[in-house]
Structure formats: structure tokens, C-alpha cells
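Novice: With chain A held as given, fit chain B onto it using these hints.
Taken in order, these protein sequences are the chains called A and B.
To convert, note that position 111 of the first sequence is 111 in this note's numbering; the numbers rise steadily by one, no gaps.
To convert, note that position 128 of the second sequence is 128 in this note's numbering; the numbers rise steadily by one, no gaps.
Quick caveat, the hints were computed from the structure, so don't treat them as lab data.
Check the hints yourself; a few may be wrong.
Said to hold, decoys possible - With a straight-line Cα cutoff of 30 angstroms, these simulated DSBU-like cross-link-like pairs (lysine-lysine) come out:
hint	chain 1	residue 1	chain 2	residue 2
1	A	K156	A	K169
2	A	K34	B	K172
3	B	K261	B	K155
4	B	K12	A	K169
5	A	K156	B	K107
6	B	K107	A	K106
7	A	K156	B	K230
8	B	K253	B	K12
Claimed, not checked - Taking CB as the label site, the calculated pair distances span:
hint	chain 1	residue 1	chain 2	residue 2	range
9	B	E98	A	P84	22 to 30 angstroms
10	B	N2	A	A37	38 to 46 angstroms
11	A	Q31	B	N2	45 to 53 angstroms
12	A	N86	B	L29	43 to 51 angstroms
13	B	D74	A	A37	32 to 40 angstroms
Even glycine gets a Cβ: it sits at the ideal position worked out from N, Cα and C.
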Amino acid sequence: MNTSDLESSRDEAFIRAVEEESGQRISDCYQCGKCTAGCPCGPAYDLQVSQIMRLIQLGDKKAALEAASPWLCVSCSTCTARCPNNIDVARVMDTVRHIARREGKKKYVMNAFWDSFLQTVRYCGRTYELGVMAMFMARTGRVWTDLDLAPGMLTKNKLPFIPHIIQGKDAVGRIFERFNEMERRD
Amino acid sequence: MNVAYYPGCSGKGTSVEYERSTQAVFASLGISLRELSDWSCCGSTPAHATDARLSAALSARNLCLAADTMRRYDATRFTTPCPSCLANLKTARHHMAEAKFREQVNKLLDSPCPAISDKGEDPLPEVVSTLQLLVEDYGLDNIAAAVRTPLSGLKIAPYYGCLLSRPADIMKFDDPENPTSMDRLLEALGAEVVPFPLKTECCGAAMGIPRRDITSRLTGRILETAVTYKADVVAVACPLCHMNLDLRQQQAKAAGNASYKLPVLYFTQLMGLAYNLPMSELGLDKLAVDPSEILHKIGKEVSA
Numbered sequence: 001m002n003t004s005d006l007e008s009s010r011d012e013a014f015i016r017a018v019e020e021e022s023g024q025r026i027s028d029c030y031q032c033g034k035c036t037a038g039c040p041c042g043p044a045y046d047l048q049v050s051q052i053m054r055l056i057q058l059g060d061k062k063a064a065l066e067a068a069s070p071w072l073c074v075s076c077s078t079c080t081a082r083c084p085n086n087i088d089v090a091r092v093m094d095t096v097r098h099i100a101r102r103e104g105k106k107k108y109v110m111n112a113f114w115d116s117f118l119q120t121v122r123y124c125g126r127t128y129e130l131g132v133m134a135m136f137m138a139r140t141g142r143v144w145t146d147l148d149l150a151p152g153m154l155t156k157n158k159l160p161f162i163p164h165i166i167q168g169k170d171a172v173g174r175i176f177e178r179f180n181e182m183e184r185r186d
Numbered sequence: 001m002n003v004a005y006y007p008g009c010s011g012k013g014t015s016v017e018y019e020r021s022t023q024a025v026f027a028s029l030g031i032s033l034r035e036l037s038d039w040s041c042c043g044s045t046p047a048h049a050t051d052a053r054l055s056a057a058l059s060a061r062n063l064c065l066a067a068d069t070m071r072r073y074d075a076t077r078f079t080t081p082c083p084s085c086l087a088n089l090k091t092a093r094h095h096m097a098e099a100k101f102r103e104q105v106n107k108l109l110d111s112p113c114p115a116i117s118d119k120g121e122d123p124l125p126e127v128v129s130t131l132q133l134l135v136e137d138y139g140l141d142n143i144a145a146a147v148r149t150p151l152s153g154l155k156i157a158p159y160y161g162c163l164l165s166r167p168a169d170i171m172k173f174d175d176p177e178n179p180t181s182m183d184r185l186l187e188a189l190g191a192e193v194v195p196f197p198l199k200t201e202c203c204g205a206a207m208g209i210p211r212r213d214i215t216s217r218l219t220g221r222i223l224e225t226a227v228t229y230k231a232d233v234v235a236v237a238c239p240l241c242h243m244n245l246d247l248r249q250q251q252a253k254a255a256g257n258a259s260y261k262l263p264v265l266y267f268t269q270l271m272g273l274a275y276n277l278p279m280s281e282l283g284l285d286k287l288a289v290d291p292s293e294i295l296h297k298i299g300k301e302v303s304a
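Just chain A, with the same shape it has in the complex (with noise of 0.2 angstroms):
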């Protein structure tokens, strides 16, 4: 059973934090559990949706932003869509993956995947399917990832070799600077 210490986990600002970020009024939630039942990743969380609204709610900062359940949610917004309470729910659990980066508590194969993704827009301006997968498996040593796709793909030329590189790369490629610069300031 997950138990908070109330007494030692309260973390108000982390509350006041996600509200903010995520522009919903967390305290809205009823626990009715209708996020979770719409979740189609649920069976695979370890917390599931509703559970991680109970730990904002509690202020529990650790428990929520150590759940591997917002590193396998499909951002599907099936939970926003079904709340009663007009919850953007979708939205609190990227804010929680937000801050968890910023934290530093990322750590689950989804985020190699969407570092690798980001890399191939940062240098090319588009992304380059190829090269994510290269660097996908070179993060994460599993190098026999989808290679029962690749003949299909590549015999119908569905997988470029070459990027397409845009003329405006560097534009995009200063954006990424200036999101770093911007956090390494914050």
C-alpha cells in the first residue's frame, strides 16, 4: 500500500508549482477514478492517474515525481476528455514530466527515445526517423529495436537514409540554445 507521511512529505510549493505550470486547480479532483479508467496505459503503470492527482493533492513531491507512470502515458488526453471536473488532466501529467526533468529525475527508456527525437529536430530542423533510431539504440543498447520493420520500410523507402535538412536548421537549432540558456538562468 502507498502511504504518504503527511507530517514530513507536505511540499506546498510543489502544489502551488503544478497549478501554476499546468493552469488546473488540482484541489478540483474528486477521486472519482474516471482518468483511470479511461487510461489505456493504466495496466502498465505503477501509480496510476488518479493516484498521481492524489500525491499532488497531498503535496507528496517525491512520490509523484519518482512514478514511472508519466514516463508511459501516450499524452492520449482520454483522462482530460473524461473528467468531471473539467480538469485538463493530460496537462498535469506533462507538468509533472516537466518538472521532473528539470529535477533531474528522468530516467525511463521513453526519455531516450523523446532525447534522441529532439536531437535529430535540433540539427536538422526535421526529424530524422533514421537517426533517432540510431540514436535511440546507441542510448540504450537495444540494438535490436524494430529490425523485423526494417526490410518493409526500407524496401518501400519509407525510411529515408539522408535528412532533410531545412536552410532554416540554425534558426531552430537557436531556439533549443536559447531553451537552455533560458533554464540554466531560471
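Specialist: Frame of chain A; chain B shown alone:
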């Protein structure tokens, strides 16, 4: 009719047949797709899951390009075929209506986005899906009028995916639980649309790469349900949904110990078939699951 067009990155790779059939269908209907000059990646889920300002900036660059394109070609609409790009572009515009956020995003760009006017008009354009544009702007009657080979006898399961109509506040299109736009479009083409209960259930999106098991389960359930409802083919409107249901169909079958063969086509490919567009423009040969059987049902072959 001129519309500003944002193809999205997968259009040249994994969803090349969607891009090709979209171009062909729109051209045949007399709608000029004006591609944004030097557009860049919206960042998709990796960006919005990393940071809201980074994601918005990547989208904002393209929203500004779209505004230019619309001015140049006197276009009144801005459209994209990819629901993920759509969600990011719409979300960026939505959040950037808030002054403080807009300011933060502007700081990340080479040149800031023009400000919202005193009357509350945002120079950043609204964007709609190609599906919405066809159904609402072009109209179902016109879509039906262009049909040369009605898709009679074809039972189609319309699979919308999770993004086209969710979250409702931002996507502002159709119904978030039971959308019917694609149903009506397919009916206008003469097809029989099966009452598909998993229209907006997520297929697992890009989870396929890091966690194949999750995507296989979700995708498998969608395909098996379509089979149960006796669909001959599943229609999709999203590159990632297509990738999971078509390219990854074998993976889903293996994981679920199932056996079926269900072709998955983009709705624009189905339109192209109904409009007798040249096969070379529809990219049916790019499909992982062979669509020959359903083509024979309407008297056609994969290659001309």
C-alpha cells in the same frame, strides 16, 4: 481555393502514402495546398513532454510562416494532415494567448511573433485537420459529387485516433468520444461504415519504440475489434496510427496470438480510389498489409 499547408515530418518518410494521396485528392478537388516555405518540426510529443515553452516555440515558428503563406496566397485556411502537428500548433496558439507565456516563447525565437491586437485578434492563424477542412469547408455534398467508383460493398471501420478531437477545448472539432466526421465522409464515398466502438482509443503512438508491448496490446485490441465488427478495412487519419495498425500489425498479431489480415488505409487513399485517381498517386504499394482483396471488391488493382 488556396490553403496554407504544413505536411509534418513523417510525410516524407513513414507516412509518404498519406502525403502523396492527400496532395492528389486535394488537387483533384481544386484545392491548392500551399506548403509553408522552409517549415520545421513541431517537436511532436517529445517537445511538449519536455517543456511547454520549447514546444510552443517550435510550433510558433511555423505559425508565423503560415501567416506569411496565407498572406502571400490569399489563403483563408491553414491545414495539416498530422493530428500530432495539429495538436501542437493549436496548443501553442492557445497558450500564447496569455501574455506572459507569449513573451517567454518570443524570447526563444529569432524574431518574436506579432502581438495580439487590441481587439483581441491573434495574427497567428488557426489551424484545422485536412479531415475537418474537407468535411466542413469543402462539404460532404461536394465530396460525394466527385465520386466515380462508389466504395459499395466495402465495410470500413473509421479509426480517428486519440488526438483529432481531444482535448475538446483545444481541438474544437467533432466529438471527443464519438466523432462522426470520417464516418460521414466515408459514407459519402459510398462505403458501409461499421459502428466502431474504439474510434478514439489510443493506438499507443510512439510508445512502439521504447515499449513495444504497450503498443502491441493497444493496437491489437483495435484491430481485433475491427475484425469482430466484420470490417474489410480500417480507415485512419494519422501517420502514427497508420504505422501502428499497418506496419506494426504483424507485431500486434504475434503479441496477441491472433491471426487476421486487415488492410489499413488512409482516408485520402480511399477518397483517391473512389475518385479514380491514378494508382501511382495513392501509394497503395507502400502499405505493409496487402490491400489487394479490398481493391478487387471495387474492381481495382494495386498497380495500374
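Novice: If a hint holds in the structure, say so; if it doesn't, say that too.
Specialist: For each hint, the structure was consulted:
{"no.": "1", "hint": "A:K156 with A:K169", "result": "holds, 28 angstroms"}
{"no.": "2", "hint": "A:K34 with B:K172", "result": "holds, 22 angstroms"}
{"no.": "3", "hint": "B:K261 with B:K155", "result": "holds, 14 angstroms"}
{"no.": "4", "hint": "B:K12 with A:K169", "result": "holds, 17 angstroms"}
{"no.": "5", "hint": "A:K156 with B:K107", "result": "violated, 42 angstroms"}
{"no.": "6", "hint": "B:K107 with A:K106", "result": "holds, 26 angstroms"}
{"no.": "7", "hint": "A:K156 with B:K230", "result": "holds, 29 angstroms"}
{"no.": "8", "hint": "B:K253 with B:K12", "result": "holds, 27 angstroms"}
{"no.": "9", "hint": "B:E98 with A:P84: 22 to 30 angstroms", "result": "holds, 25 angstroms"}
{"no.": "10", "hint": "B:N2 with A:A37: 38 to 46 angstroms", "result": "holds, 45 angstroms"}
{"no.": "11", "hint": "A:Q31 with B:N2: 45 to 53 angstroms", "result": "holds, 50 angstroms"}
{"no.": "12", "hint": "A:N86 with B:L29: 43 to 51 angstroms", "result": "violated, 38 angstroms"}
{"no.": "13", "hint": "B:D74 with A:A37: 32 to 40 angstroms", "result": "violated, 48 angstroms"}
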